[in-house]
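Based on the provided sequences and hints, a complete structural model is requested.
Residue numbers (the numbering used here), protein chains in the order written: chain B, 495 to 779; chain W, 2 to 204.
If you're looking for bench data, these hints aren't it; they were derived computationally from the structure. Predicted model only: the values in this text are computed from it and were never measured. Ideal placement from N, C-alpha and C gives every residue a C-beta, glycine not left out. Some hints here could point you the wrong way.
[As the list claims (entries may be wrong)] According to the in silico footprint, chain B covers these stretches of chain W (three or more CB under 8 Å from chain B): (1) 102-112; (2) 118-131; (3) 154-161; (4) 171-181; (5) 186-192.
Letter by letter, the chains look like this.
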Amino acid sequence: MEEQTFWQKMMAIDRRIIYAILFVFVAIVMLNPIGLPIEISRDTEIYYNVVEELAETGEVLWLDAAFGPGSWGELGPMIEATLRHAFDRGVPVIGMAMWEQGGRMFATALNNVLEDPQYDHIEYGEDVVNLGFRPGGAGVVLRSATDDVYETFRGVDHDGNPLDDMPLAMQTERLHPDYVGHAVVYESGSPGGPVYVDYVHEPTGLEMSVGIIAMSVPGAKVYQDAGQYVGILPGATGCAQYELLIDHPGYAVMTQDVISLGMVFVTLLIILGNVGWLMTRQQAQ
Amino acid sequence: MLVTSDPMIWTGALFTLAVFSYLYAENPAWRIAEHIYVGMTAAYTVAYQFHNTIKPTIMEDMLVDGSWGMLIPMIVGLLIYTRYFPSVSFLQRYPLSLWVGYGAGLVMAYAVPPLMTQIVGNFRTFDSFDNVVYWIATVCTLIYFFFTVKRTNPVIKYGAAIGRWAMMIAFGVSFGQTVIYRYNLFLSRMEYLLTDWLQLIEY
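As structure tokens, then:
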């Protein structure tokens, strides 16, 4: 039997070995962070300034959790960081969800933030409200913009508590520039930011931004170039930069070392795979 | 204690490991996790929709507020199930027609203006290198799709070649971002195992 060359062995390597190496590699880097520098991007600065501007005007920040548990790793920390920033700067926040499990995602992020004694002064109903999910997707957003938030959400919040007892919800009659300063959609798919572009931003002129998973960034740029999105918080990397800007490094910052080094590892594997393919093809010829 | 005593976190951690075990080979632990996940998701969705849509519509809108008109969309919606009865299965077309018509109307009314804004956004002044690259990439990509013009014309030939490169770079960026996203999903679970379960990390 003909002995395999190095490249043939590499091309036939069991993928489980690569998984095992990646698993160990990630664990080691997570347990021993190196602290690679994190540079703040222009996109993150713009997003940060959105909340800063709302702090000056005192207007409401509307957040929509359009994602499920699968995307929590990238989008959950974004909501937490945004809530911290808003609470620090006295910006009232209303949350809702176009996705069925999004209401739970927003509630989890809110609970995580409110566990911090620093935010003991935050009053649910006055400083923040979680409207949760209502079936209807785009219809819910459209009705909130054109009709009445109270009626759209049947007069109750995510946990079924009456909105009548929540001054912030009662003041915010519509998802409209008259009542809301800015909307941010945290999206991992459809329905997501484009729904707000179609049914809120274009008809009413309400400014909006998105916090998105890394793979959606190229698509979102089209909306930003057209002026439909003000800011884009791109994936865990953008969230890490934002956490640094608000001076509260958290989960996203912790993962930056392992993301950067992991990408180097994956890139090396891709190069190795391509070189191996070329070498074995040459040998075959 | 190093490892958490919270049974919920233990459950989450064991299910995470069960799902990861699929990377080695399909096995009973993976299949149990998969089936429980699918079952729970279906149960959650049904229960959530019942309590948030069906129940309040009947108990509040109809019985309390007297909005009996709600019966009409309910009946029309139920017609979708006539597909199981061949003699009246044609009735399923009515809710579908209404739904498609509603969707088409909504899109026609609201989706066109944002699209026009994006088209207008493509017209840029040549005041930066980025804008010049953007313009060339956009025009050349459009040229690539001129299938009715022969590629013998040098403008079309080389324009299409540049357009092809522009698309390949764009697809490469999308692929790279997708890898990062999938990798982040993995990191999220690793963080759960190391932080919440084993409590080896604090941040």
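Hint check:
1. 102-112: Answer holds; 3 residues pass the 8 Å Cβ test.
2. 118-131: holds (count 5)
3. 154-161: violated (count 0)
4. 171-181: holds (count 7)
5. 186-192: holds (count 7)
Comparing the model with each earlier hint shows a violation of hint 3 alone; every other hint is respected.
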